[in-house]
Amino acid sequence: MLNFLARRIVQLIPTLFFVSILIFSLQQLLPGDPALVMAGEERDPDVIAQIREQYRLDQPVPVQYVYWVKGVLSGDFGESIRNKVPVRELIAQKLPVTMQLASMAIVIAFLIGIPAGIISAVKKGTAWDYGANFFALWGISTPNFWLGIMLIFLFSIQLGWLPASGYVPLTENWRASIASTIMPAFVLGNAIAAILMRHTRSAMLQVLESDYVRTARAKGLLERSVILKHAMRNALTPVITLGALELGTLLSGAVLTEQIFSIPGFGKLIVDAVFNRDYAVVQGVVLTTATIYITLNLIADIAYVLVNPRLRA
Amino acid sequence: MKIFRLAVTAAALLLSLPATVQAQTTLRIGLAEDPDILDPTMARTYVGRIVFASFCDKLFDIDEKLNIVPQLALSHETSADGKEVTIKLRPGVKFHDGEPLDAEAAKYSIERHLTMQGSFRKPELASVDRVEMVDPLTIKLKLKAPFSPLIAQLTDRAGMMVSPKAAKEAGDKFGLRPVCAGPYKFVERVQQDRMVFEKFADYWNKDNVFIDRIVFLPIVDATVRLANLKSGGLDLIERVLATDIKDVRTDSRLKLSTAIELGYQGITLNIGKDKAKGPLSQSAKVRQALDLSLDREAINQVVFNGEFKPGNQWVNPDHPYYQKAFPLRGRDVAKAKALLKEAGVAPPVSVDLMVPKGAETEAVAQVVQSMAAESGFDMKIRVTEFATSLKQAEAGEYQAFMLAWSGRIDPDGNSYVFQKSDAPQNYSGWSNKEADKALDDGRLATDQAQRKAIYEKLAKIVLEEKPLLYIYHRRILIAHTTKLEGYKQMPDGLVRVVGLKLK
Chain A
1 MLNFLARRIV QLIPTLFFVS ILIFSLQQLL PGDPALVMAG EERDPDVIAQ IREQYRLDQP
61 VPVQYVYWVK GVLSGDFGES IRNKVPVREL IAQKLPVTMQ LASMAIVIAF LIGIPAGIIS
121 AVKKGTAWDY GANFFALWGI STPNFWLGIM LIFLFSIQLG WLPASGYVPL TENWRASIAS
181 TIMPAFVLGN AIAAILMRHT RSAMLQVLES DYVRTARAKG LLERSVILKH AMRNALTPVI
241 TLGALELGTL LSGAVLTEQI FSIPGFGKLI VDAVFNRDYA VVQGVVLTTA TIYITLNLIA
301 DIAYVLVNPR LRA
Chain B
1 MKIFRLAVTA AALLLSLPAT VQAQTTLRIG LAEDPDILDP TMARTYVGRI VFASFCDKLF
61 DIDEKLNIVP QLALSHETSA DGKEVTIKLR PGVKFHDGEP LDAEAAKYSI ERHLTMQGSF
121 RKPELASVDR VEMVDPLTIK LKLKAPFSPL IAQLTDRAGM MVSPKAAKEA GDKFGLRPVC
181 AGPYKFVERV QQDRMVFEKF ADYWNKDNVF IDRIVFLPIV DATVRLANLK SGGLDLIERV
241 LATDIKDVRT DSRLKLSTAI ELGYQGITLN IGKDKAKGPL SQSAKVRQAL DLSLDREAIN
301 QVVFNGEFKP GNQWVNPDHP YYQKAFPLRG RDVAKAKALL KEAGVAPPVS VDLMVPKGAE
361 TEAVAQVVQS MAAESGFDMK IRVTEFATSL KQAEAGEYQA FMLAWSGRID PDGNSYVFQK
421 SDAPQNYSGW SNKEADKALD DGRLATDQAQ RKAIYEKLAK IVLEEKPLLY IYHRRILIAH
481 TTKLEGYKQM PDGLVRVVGL KLK
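First to last, the protein sequences are chains A and B. Residue numbers for the first sequence follow UniProt numbering, so the first one is 1 and each next one is one higher. Residue numbers for the second sequence follow UniProt numbering, so the first one is 1 and each next one is one higher.
No wet-lab data here; the hints were simulated from the structure. Backbone N, C-alpha and C define an ideal beta-carbon position, used for all residues, glycine too. Some hints here could point you the wrong way.
[Said to hold, decoys possible] Straight-line C-alpha distance at most 27 Å; calculated DSSO-like pairs for lysine-lysine:
{"no.": "1", "chain 1": "B", "residue 1": "Lys107", "chain 2": "A", "residue 2": "Lys84"}
{"no.": "2", "chain 1": "B", "residue 1": "Lys173", "chain 2": "B", "residue 2": "Lys246"}
{"no.": "3", "chain 1": "B", "residue 1": "Lys380", "chain 2": "A", "residue 2": "Lys84"}
{"no.": "4", "chain 1": "A", "residue 1": "Lys84", "chain 2": "B", "residue 2": "Lys391"}
{"no.": "5", "chain 1": "B", "residue 1": "Lys107", "chain 2": "A", "residue 2": "Lys70"}
{"no.": "6", "chain 1": "A", "residue 1": "Lys84", "chain 2": "B", "residue 2": "Lys83"}
{"no.": "7", "chain 1": "B", "residue 1": "Lys206", "chain 2": "A", "residue 2": "Lys84"}
{"no.": "8", "chain 1": "B", "residue 1": "Lys140", "chain 2": "A", "residue 2": "Lys84"}
[Said to hold, decoys possible] So, partial list: chain A residues that the calculated Cβ filter (under 8 Å) puts toward chain B:
{"no.": "9", "residue": "Glu41"}
{"no.": "10", "residue": "Glu42"}
{"no.": "11", "residue": "Arg43"}
{"no.": "12", "residue": "Val47"}
{"no.": "13", "residue": "Gln93"}
{"no.": "14", "residue": "Leu137"}
{"no.": "15", "residue": "Trp138"}
{"no.": "16", "residue": "Ile140"}
{"no.": "17", "residue": "Arg277"}
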């Protein structure tokens with residue numbers, strides 16, 4: 001097991017190295033000039049020249065890359081050109097926000113998606129099934145920004161129950177924090193719930209037709225315990241994997257949803273950074289996201305190995 | 001199911017518990033963007049200026065009629081040769097850290113703007129050679145050459161005073177914890193989330209400050225910004241969409257405060273940098289024909305419900321420097337066609353129109369396109385992301401470019417850098433000796449009537465040659481709750497908080 005772990009972690013290094021080169025070179029393909037954007041409305045040539053020099057934009061790309069990697073290796077991601085805040089600090093500020101939103105979204109997705117999937121499989125062909133399918137189709141095809149604005153109109157303007165946007169940190173006031181994130185979490189969770197529902201349904205249908213379920217029924221077990229104790233456990237394994245992958249995607253920031261609800265997370269950070277050509281921020285955020293994604297994958301792999309020793313070879 | 005019901009009830013209960021009662025009054029302002037660094041020397045965004053207005057006073061300010069009025073300074077006097085400006089400071093002014101604002105601090109602040117690495121104020125104060133202290137409350141600016149827009153520059157960031165002690169300690173990180181001499185002092189900032197300020201007890205005009213705290217919240221989506229105002233999550237929002245005006249007006253709990261902007265919205269026409277050498281760049285007649293194809297009032301009606309102000313010059317028609325000798329002319333398609341014929345151009349004249357991304361600019365571009373088509377122009381709209389469009393404008397990779405300017409108080413700020421030969425923002429690449437002379441003369445003359453006469457000459461040339469088509473001036477749209485009392489909108493679009501009361 002240790003051997004396996006060590007091998008996987010060593011494999012991480014070239015992957016991250018490759019990611020870092022990719023981020024750096026893709027960014028160079030972006031049209032537009034960061035110095036020109038940073039020079040403000042006046043765009044004075046002297047000021048532009050000075051910005052280029054200060055941020056080494058006048059140096060060749062490989063040189064810029066070396067400077068950046070050197071910094072990253074010593075824990076320095078550089079600072080934002082736009083507001084001089086260290087990128088590390090920005091990431092430390094935004095990551096907990098995105099993590100909170102992502103976890104709430106995934107909990108909501110599981111709470112809706114799995115029961116809906118099970119019900120529609122068990123009651124296949126009935127109104128329940130059609131209802132759940134309709135919901136899934138709706139969830140997948142409803143754009144986030146539309147649902148977001150509709151929720152704001154209903155719960156903030158008409159009913160006045162929830163704040164329309166903004167974010168309160170969990171540590172400051174957990175109630176207000178949940179109130180400020182429940183709508184965006186629902187918007188994100190709703191779309192994923194629909195996907196989970198579809199997968200749960202098909203997995204359940206498959207399992208329900210298997211021999212052991214028939215045996216369980218033949219034994220005279222209650223239908224409820226056949227479904228919940230025997231069928232569901234087996235059906236859920238692929239669904240949980242899917243959920244974990246969706247969580248990884250959520251952690252890289254939900255651009256549109258964060259924008260609409262003014263949640264200061266990764267999505268908003270990276271969008272602003274791209275439009276302002278704030279390269280250091282883009283690089284730092286993408287590298288962090290990539291690391292999180294790779295780590296989550298590693299954890300999933302380890303979990304598989306624990307479950308299935310045959311993979312250890 | 002029981003558990004679910006329980007969970008819903010519990011959640012509803014938790015969320016409905018009232019927030020802790022606040023005795024303090026807090027003004028919550030919704031901004032359209034997250035500002036850049038809050039250091040007056042290094043700041044560059046319009047939205048940043050809105051925030052500065054709450055915590056960083058300037059030597060001078062403007063009133064609704066664009067007159068320059070004292071703020072941290074009491075008076076200014078320019079010597080007969082125009083090369084010395086003496087400024088008397090207001091006595092008893094303190095910075096947020098308790099340091100006094102005296103001649104030494106004023107000299108330090110201006111020199112910081114002039115010399116600091118990364119300063120964006122250098123070009124604005126380029127005429128200043130050095131700063132001298134006359135007495136503890138008087139400074140003298142020695143100029144390289146007379147520069148009449150100088151005092152107007154000091155009504156903006158170039159005139160903001162910072163605490164020398166705090167600025168020396170913080171260096172280029174001063175903007176992370178700025179210390180100025182305004183009505184509110186900096187408390188905290190969470191990037192892209194909020195900026196918090198609290199009342200400064202030793203403010204020189206503290207008797208007119210009534211609200212305890214101000215919180216700025218950047219909310220990019222205009223619809224969501226308005227939704228927050230309606231739901232009571234905000235007290236004031238900037239940049240309301242023209243299409244939402246009706247909505248705000250019909251809401252009895254909201255009030256709309258407006259003013260016509262100092263800037264303009266227009267189309268820059270590539271004259272000197274057009275590699276394709278299209279007819280638009282080669283002939284003033286073709287440019288005049290394009291201008292005559294436009295019905296500015298119709299653009300205003302169609303896209304902005306008639307709320308904005310059609311214009312044809314770099315200042316709006318209500319501005320003291322608007323040249324009434326060159327009024328707005330109506331659309332004349334027949335004449336436009338005739339001009340094209342005179343220029344020896346066979347329609348359709350194809351024009352590459354670069355338009356920065358944005359719902360309103362794109363809508364205007366479409367109306368312009370269809371109007372121009374009737375006179376024989378085939379305009380191809382190329383919607384381009386803003387940063388990219390700037391780069392292409394610099395490189396001359398366009399024929400027509402829809403570009404806005406937020407505007408400056410002095411007319412020089414709306415003309416010089418765009419019209420002077422080889423000036424940094426002369427994207428058109430236009431060059432005209434007489435215009436250059438008028439632009440330079442406008443900077444030397446100090447008398448308003450004299451300056452206006454100089455700019456009249458300039459207007460004649462620019463309106464004939466048409467390196468830029470000025471189309472309209474936006475209305476600054478600020479919506480706030482009726483609980484907010486005493487709000488007055490200034491033409492620079494900034495939110496002034498002194499004198500405001502929150503019921």
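Results for each hint:
{"no.": "1", "hint": "Lys107/B to Lys84/A", "result": "holds (25 Å)"}
{"no.": "2", "hint": "Lys173/B to Lys246/B", "result": "violated (43 Å)"}
{"no.": "3", "hint": "Lys380/B to Lys84/A", "result": "violated (40 Å)"}
{"no.": "4", "hint": "Lys84/A to Lys391/B", "result": "holds (24 Å)"}
{"no.": "5", "hint": "Lys107/B to Lys70/A", "result": "violated (40 Å)"}
{"no.": "6", "hint": "Lys84/A to Lys83/B", "result": "violated (37 Å)"}
{"no.": "7", "hint": "Lys206/B to Lys84/A", "result": "violated (32 Å)"}
{"no.": "8", "hint": "Lys140/B to Lys84/A", "result": "violated (33 Å)"}
{"no.": "9", "hint": "Glu41", "result": "holds (6 Å)"}
{"no.": "10", "hint": "Glu42", "result": "holds (6 Å)"}
{"no.": "11", "hint": "Arg43", "result": "holds (6 Å)"}
{"no.": "12", "hint": "Val47", "result": "holds (6 Å)"}
{"no.": "13", "hint": "Gln93", "result": "holds (6 Å)"}
{"no.": "14", "hint": "Leu137", "result": "violated (23 Å)"}
{"no.": "15", "hint": "Trp138", "result": "violated (20 Å)"}
{"no.": "16", "hint": "Ile140", "result": "violated (23 Å)"}
{"no.": "17", "hint": "Arg277", "result": "holds (6 Å)"}
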